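What follows is each chain in one-letter form.
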Amino acid sequence: EAQVTQNPRYLITVTGKKLTVTCSQNMNHEYMSWYRQDPGLGLRQIYYSMNVEVTDKGDVPEGYKVSRKEKRNFPLILESPSPNQTSLYFCASSFSTGGHDEQFFGPGTRLTVL
Amino acid sequence: RKEVEQDPGPFNVPEGATVAFNCTYSNSASQSFFWYRQDCRKEPKLLMSVYSSGNEDGRFTAQLNRASQYISLLIRDSKLSDSATYLCVVDPGAGSYQLTFGKGTKLSVIP
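Same order as they appear, the protein sequences are chains A and B.
Quick note: the first sequence, position 61, residue 50 per the working numbering, numbers continuous.
Positions in the second sequence are counted from 1; adding 3 to them yields the working numbering.
Watch out, some of these pointers could steer you wrong.
[Claimed, not checked] In silico DSBU-like cross-links for lysine-lysine, where the CA-CA straight-line distance does not exceed 30 Å: (1) B:K48 with A:K46; (2) A:K58 with B:K48; (3) B:K82 with B:K45; (4) B:K48 with A:K60; (5) B:K48 with B:K109; (6) B:K82 with B:K109; (7) B:K48 with A:K54; (8) A:K7 with A:K46; (9) A:K46 with A:K60; (10) A:K54 with A:K6; (11) B:K106 with A:K54; (12) A:K58 with A:K7; (13) A:K60 with A:K7; (14) B:K106 with B:K82; (15) B:K45 with A:K60; (16) B:K48 with B:K106; (17) A:K46 with B:K106; (18) A:K60 with A:K6; (19) B:K45 with A:K54; (20) A:K58 with A:K6; (21) B:K45 with A:K7; (22) A:K58 with B:K45; (23) B:K45 with A:K6; (24) B:K106 with B:K45; (25) A:K46 with B:K45; (26) B:K82 with B:K48; (27) A:K7 with A:K54; (28) B:K109 with B:K45; (29) A:K6 with A:K46; (30) A:K58 with A:K46.
[To be verified] Between beta-carbon pairs, the in silico distance windows are: (31) B:P114 with A:V3: 41 to 47 Å; (32) B:G57 with A:M16: 27 to 33 Å; (33) B:A20 with A:E42: 48 to 54 Å; (34) A:K6 with B:S29: 35 to 41 Å; (35) A:N15 with B:G61: 27 to 33 Å; (36) B:P114 with A:P28: 22 to 28 Å; (37) B:I113 with A:V3: 40 to 46 Å.
[As the list claims (entries may be wrong)] The following residues of chain A were derived to be distant from chain B, with all beta-carbon distances above 12 Å: (38) S56; (39) Q74; (40) V102.
Simulated from the structure, these hints should not be mistaken for lab results.
From a predicted model like this one, the values you see are computed outputs, not experimental measurements.
Quick reminder that beta carbons are idealized off the backbone N, C-alpha and C, glycines included.
Bound conformation, chain A alone:
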């Protein structure tokens, strides 16, 4: 089944404890991205990647890191999480390099930072 998977789906952590949210797609998509969704603010892009080893900042990259060592994986790293990073996170992928076509979203990761 073609899909985007994220892990974990739910995470409660404490301030400053490094964490990684994994994202994997099995559709051989070029473009992958991370979004956060907060009430009243909609979906905001954190980082995106057009291809392996090519990443760039989105609209709200502060406090996050990403890597794209393999085409299928695009992990999101929070080196020192803070409470303002409590949010619902979505990973997405699309076929074209520029992300100009249908975005396939993962099921989301609900993160709470205490």
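Dock chain B against chain A, hints included.
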């Protein structure tokens, strides 16, 4: 960054009603347009792309007005299962690698 604006709603409509949402965008050079549907606490999923000539998929019709810079989504004969948040998405096109998402319009279809 250029913005996309939607009426957040909620739109509360009875079953069988026709409802329309509009979305305005500020970047006149935008190339592609989409409507996504998001159920509560779930991931967004593509509902339909919006073409210049307008397009229809069953009870759903999407239209684009480039002159006035808005897109619309019309839902006829609303079903309870149509209850969701509808996101307007604009692709600025070549040279940009970021889509712009509206904040969404919430629809509740009432029995």
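Now the hints, each set against the structure:
About 23 Å separates the Cα atoms of K48 of chain B and K46 of chain A, which keeps this hinted pair within 30 Å; it holds. Restraint check: the Cα-Cα separation between K58 of chain A and K48 of chain B comes to about 27 Å, which is no more than 30 Å; the hinted pair holds. This hinted pair checks out: K82 of chain B and K45 of chain B have alpha carbons roughly 19 Å apart, not beyond 30 Å. A hinted pair counts as satisfied when its Cα atoms are at most 30 Å apart, and K48 of chain B with K60 of chain A qualifies at roughly 22 Å.
Taken as a hint, the K48 of chain B and K109 of chain B pair is honoured in the structure, with Cα atoms around 15 Å apart against an allowance of 30 Å. A C-alpha spacing of about 14 Å is found between K82 of chain B and K109 of chain B, which places the hinted pair at or below 30 Å, so the restraint holds. The hinted pair formed by K48 of chain B and K54 of chain A meets the criterion: a straight-line CA distance of about 26 Å does not exceed 30 Å. Between the alpha carbons of K7 of chain A and K46 of chain A the distance comes to roughly 20 Å, so the proposed pair stays at or under 30 Å and holds.
The suggested pairing of K46 of chain A with K60 of chain A holds, with an alpha-carbon distance near 18 Å, which does not exceed 30 Å. For the hint pairing K54 of chain A with K6 of chain A, the CA-to-CA distance comes to about 14 Å; that is within 30 Å, so the pair holds. For the hint linking K106 of chain B to K54 of chain A, the alpha-carbon distance of about 25 Å falls within 30 Å, and the restraint holds. The hinted pair formed by K58 of chain A and K7 of chain A meets the criterion: a straight-line CA distance of about 20 Å does not exceed 30 Å.
Between K60 of chain A and K7 of chain A, the direct Cα distance comes to roughly 24 Å. Compliance with the 30 Å bound is thereby established for this hinted pair. This hinted pair checks out: K106 of chain B and K82 of chain B have alpha carbons roughly 23 Å apart, not beyond 30 Å. A C-alpha spacing of about 25 Å is found between K45 of chain B and K60 of chain A, which places the hinted pair at or below 30 Å, so the restraint holds. For the proposed pair K48 of chain B and K106 of chain B, the alpha carbon gap of about 15 Å is at most 30 Å, so the pair holds.
With a C-alpha separation of about 20 Å, the suggested pairing of K46 of chain A with K106 of chain B holds against the 30 Å cut-off. Restraint check for K60 of chain A and K6 of chain A: the C-alpha separation of about 27 Å stays at or below 30 Å, so the hint holds. A threshold of 30 Å between alpha carbons decides the hint, and for K45 of chain B with K54 of chain A the separation of about 24 Å falls inside it, so the pair holds. Distance restraint check for K58 of chain A and K6 of chain A: the Cα-Cα separation of roughly 24 Å lies within the 30 Å cut-off, and the hinted pair is therefore satisfied.
Between K45 of chain B and K7 of chain A the alpha-carbon distance is near 26 Å, which keeps this suggested pair within the 30 Å criterion. Distance check on the hinted pair: K58 of chain A and K45 of chain B sit about 28 Å apart at the alpha-carbon level, within 30 Å; holds. Distance hint between K45 of chain B and K6 of chain A is fulfilled; the C-alpha atoms sit about 27 Å from each other, no more than 30 Å. A threshold of 30 Å between alpha carbons decides the hint, and for K106 of chain B with K45 of chain B the separation of about 15 Å falls inside it, so the pair holds.
Proposed proximity of K46 of chain A and K45 of chain B is supported: the alpha carbons are some 25 Å apart, at most 30 Å. Between the alpha carbons of K82 of chain B and K48 of chain B the distance comes to roughly 18 Å, so the proposed pair stays at or under 30 Å and holds. As the CA atoms of K7 of chain A and K54 of chain A are separated by approximately 11 Å, the hinted pair is consistent with the 30 Å bound. For the hint pairing K109 of chain B with K45 of chain B, the CA-to-CA distance comes to about 14 Å; that is within 30 Å, so the pair holds.
This hinted pair checks out: K6 of chain A and K46 of chain A have alpha carbons roughly 23 Å apart, not beyond 30 Å. The hinted pair formed by K58 of chain A and K46 of chain A meets the criterion: a straight-line CA distance of about 17 Å does not exceed 30 Å. Between P114 of chain B and V3 of chain A the beta carbons are some 44 Å apart, a value that agrees with the proposed interval 41 to 47 Å. Our hint of 27 to 33 Å for G57 of chain B and M16 of chain A holds, since their Cβ atoms are close to 29 Å apart.
Against the hinted window of 48 to 54 Å, the Cβ-Cβ separation of A20 of chain B and E42 of chain A comes to about 51 Å, which satisfies the hint. Evaluation of the 35 to 41 Å hint for K6 of chain A and S29 of chain B yields a pass: the beta carbon distance comes to about 40 Å. For N15 of chain A and G61 of chain B, the Cβ-Cβ distance of about 29 Å falls inside the hinted range of 27 to 33 Å, so the restraint holds. In this structure, P114 of chain B and P28 of chain A meet the distance hint of 22 to 28 Å, their C-beta atoms being roughly 27 Å apart.
Checked against the given bound of 40 to 46 Å, the beta carbons of I113 of chain B and V3 of chain A, roughly 42 Å apart, stay inside it. The claim that S56 of chain A lies off the interface holds: its Cβ sits roughly 17 Å from the closest Cβ of chain B, which is beyond the 12 Å cut-off. Distance to chain B confirms Q74 of chain A as a non-interface residue, since its nearest Cβ pair spans about 18 Å, more than 12 Å. The beta carbon of V102 of chain A is kept farther than 12 Å from every beta carbon of chain B, the shortest such distance being approximately 19 Å.
Of the numbered hints listed earlier, not one is contradicted by the structure.
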